[in-house]
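> Spelled out from the first residue to the last, the chains are:
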Amino acid sequence: MSIWLARLAIDRWRLAEGLRAGEGADAAPHALISDTAHGPRLTATNAAAQEAGVQVGTMLTDARALCPSLAVAQADPAGDRAALEALALWAQRWGPWSALDLPDGLVIDVTGVAHLFGGEAGLIADATQLLARRGFKARVAIAPTAGAAWALAHYGPEGAILQPEDSLDDLPVAALRLDPATVLVLRRLGLKRIGELSGVARDALARRFRNHKAPAANPLIRLDQLRGRVPEPLLPVLPVDVPLVQRRLMEPIRHRSLLDQVLGDLCADLVRVLEGRALGARRLELALWKVDGEVLQCRLELAAASRDPTHIAALFGRKLDDLDAGFGIELARLRAPWTEPLPLSQRDFEAAAEMHGTSLAACIDRLSIRLGPDAVRRPVPRASHVPERAQRWVPPLAGESVSQGDLPFHTRPLKLLDRAEPIAVLYASPDGLPRRFRWRGQVHEITRAEGPERIAPEWWRERSTVRLRDYYRIEDGEGRRYWIYRNGLPDDGRGGVPEWFLQGLCA
Amino acid sequence: MIAAAPFTAPALPAALVPARGGATHAELFASAQDCAGAAFALALESQRAAPEDERPWLWVQDRASLRQTGRPYRPGLPPALRHRLIHVVTATPEDALFALEEGLRCRDLAFVVGEMAGNPRALSLTAQRRLSLAAEKHGVPLWLVRVGAQRDLSSARQRWALRPAASLPPRWNAQAPGTAAWHAELFRARNHPPGEWILRDDGQALVAQPAQQSTDNVDLAGAAGDRPLAAG
Chain A
19 MSIWLARLAI
29 DRWRLAEGLR
39 AGEGADAAPH
49 ALISDTAHGP
59 RLTATNAAAQ
69 EAGVQVGTML
79 TDARALCPSL
89 AVAQADPAGD
99 RAALEALALW
109 AQRWGPWSAL
119 DLPDGLVIDV
129 TGVAHLFGGE
139 AGLIADATQL
149 LARRGFKARV
159 AIAPTAGAAW
169 ALAHYGPEGA
179 ILQPEDSLDD
189 LPVAALRLDP
199 ATVLVLRRLG
209 LKRIGELSGV
219 ARDALARRFR
229 NHKAPAANPL
239 IRLDQLRGRV
249 PEPLLPVLPV
259 DVPLVQRRLM
269 EPIRHRSLLD
279 QVLGDLCADL
289 VRVLEGRALG
299 ARRLELALWK
309 VDGEVLQCRL
319 ELAAASRDPT
329 HIAALFGRKL
339 DDLDAGFGIE
349 LARLRAPWTE
359 PLPLSQRDFE
369 AAAEMHGTSL
379 AACIDRLSIR
389 LGPDAVRRPV
399 PRASHVPERA
409 QRWVPPLAGE
419 SVSQGDLPFH
429 TRPLKLLDRA
439 EPIAVLYASP
449 DGLPRRFRWR
459 GQVHEITRAE
469 GPERIAPEWW
479 RERSTVRLRD
489 YYRIEDGEGR
499 RYWIYRNGLP
509 DDGRGGVPEW
519 FLQGLCA
Chain B
133 MIAAAPFTAP
143 ALPAALVPAR
153 GGATHAELFA
163 SAQDCAGAAF
173 ALALESQRAA
183 PEDERPWLWV
193 QDRASLRQTG
203 RPYRPGLPPA
213 LRHRLIHVVT
223 ATPEDALFAL
233 EEGLRCRDLA
243 FVVGEMAGNP
253 RALSLTAQRR
263 LSLAAEKHGV
273 PLWLVRVGAQ
283 RDLSSARQRW
293 ALRPAASLPP
303 RWNAQAPGTA
313 AWHAELFRAR
323 NHPPGEWILR
333 DDGQALVAQP
343 AQQSTDNVDL
353 AGAAGDRPLA
363 AG
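First to last, the protein sequences are chains A and B. Using our numbering, the first residue of the first sequence is number 19, and each one after it goes up by one. Using our numbering, the first residue of the second sequence is number 133, and each one after it goes up by one.
Honestly, I wouldn't trust all of these hints.
What the hints assert, rightly or not - Okay, the calculated bits of chain B under chain A, using three or more residues with CB under 8 Å as the criterion:
(1) 170-177
(2) 193-206
(3) 215-221
(4) 231-238
(5) 297-305
Hints were generated in silico from the structure; no laboratory data involved. Quick reminder that beta carbons are idealized off the backbone N, C-alpha and C, glycines included.
The whole structure should be built from the sequences, with the hints applied where relevant.
And the structure:
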């Protein structure tokens, strides 16, 4: 929905004077002027002046020649802009977001909300009526694209709603939101209506305007925006409320120490407000109302967004040194008009960890972030009697899976080699157990042995050629205890002579 | 009624009884051919552990020590400790030091065991000192097992040399290896005279008996009294 406040400036002047349309000073010709290099020029006129033939854009002296009774006032473009912004926020009652259409229009997204107002006609009636009650003369139009709505609001019939079968070909080319120079060019080319643009070959127009990148200077871009062929992002207006805290004092304060305390409280309050919004202050304004009606202003800017109350209070404290409190200060207010996003941070995270130690979860996090998630694990039992399958590794904080009970093993080694290492048997006793073997280049003499503990392969998951193992727990001459096994039996038909491996180191 | 005396306290040398409130950084030198160092540390810790203590403990191994002495095997760990293990494998000694220090700074860990192979450059006196200070500050004992390492400079409060000892024959099968036994030599300690002991796990508790002295100078040092012998 596009709203054109056709007479925004003059309506604002009239409302500021407290007049209704056509009464008091508004009944006589009146105009708003702005000063230019060649003298004052009219920027807006009221209805009486228009009837008298005064046109917007003429010099004031020319207008006075035409209408000697013309009264004037200074135009206020900044005020118009501020009023338009306020109106844009107010207009969000009709849709989720609205955008400014400078200098005197609004665009509101009303997709899917018209039924709340009784259809699109009801929405237009509501908008017109409410704006009229506020004293603004407005033209409202609804169309599928912002460009089409703008064209209808400015050049279409009153309260126009674009239907799918409607055509905008009859509107003048100025309805394409072009700047005056481009409109002049098109008029010189003989293209006066939007429909006539379609009559010209598109590549001819593209070649003619190939150096005009701005949409307002290129009728092809505007035409595509009007028909919705290219997207036209609009900048929505968002309300920003300035963080503000204030303290009203029961007794007017006259002493610096009390003021410092109030200032500290204000800073703490403001910091709490800023923290809630994850903002840091860049500019701060402190206002102090004195009993005798004077207001002391004090402002400062920070080099970087900050949320440190002691820092802010100290900075203000230096500025308040030569303050004249007069009969006392009764109200203090602190605002932060300029803020920047400042993420919340844990200030004393490291210090707290240094003092009291980290929690287990924090410790695991730090370890697994630096070393990788697979480096930090814990073993849990698995129901398998094959030694290397009897445990599996899970994340450190994962709970153990529920089981009916661990498999009760005979003595097991403290540590298991990742791959069982082959050992060379140098001398074996008649029952096959080695008496002397070489492992990692060192000869070990077995003095005591226990076994065998026969562990058959898991036939339901291994191939049929896997051999069973006979495990022996041994101790060598120096007291070292190992867990060795013979892989297979000599006559099991699954390979040649069985080999010996060392798999575990006992305590 | 006679108050129940601590069952194992008289059997253990004073160096193995933990000082009240003080966590120590102990360094255990062991060979790469056996796992006496880690087994000794775990035997002591399972001896010390209160039955209701369910805090996890950390075992940090660098890649070289993992390759040489293997990976912890849960069915063979002491029953009081096996379900509380958190195991960390690091690629480099620097990462192992980082993991050890992080573990020492964690208030939820019962103790930390580190295993590092050889004498890496990263394990300097400064790094050792960081570990000692962190262990004492946060009250988490550290057992640093040096696998196949030379006895370099260190700030450990106790320095042990460990090797396996012949076990006693079991009662029912004299041919079988018995329960674990270690020959432990305390060669440097801050608050204890050095000494040598044979520690055995007799099935219920650790018992220590003085080892036969092979050299005389240990005797001399032992007679010197209870003064701090090593500054660090």
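> Now, for every hint given, state plainly whether the structure supports it.
For each hint, the structure was consulted:
With 4 residues bearing a CB less than 8 Å from a CB of chain A, the region 170-177 of chain B meets the requirement of three and the coverage assertion stands. Check result for the region 193-206 of chain B against chain A: holds, 8 residues qualifying (beta carbon to beta carbon below 8 Å, three or more required). Using a Cβ-Cβ cut-off of 8 Å, 6 residues of the region 215-221 of chain B lie near chain A, which meets the minimum of three, so the contact claim holds. Coverage of the region 231-238 of chain B by chain A holds. Counting CB-CB distances below 8 Å, 5 residues qualify, and the rule asks for three or more.
Note: the region 297-305 of chain B has 5 residues with beta-carbon separation from chain A under 8 Å; the three-residue rule is met and the coverage holds.
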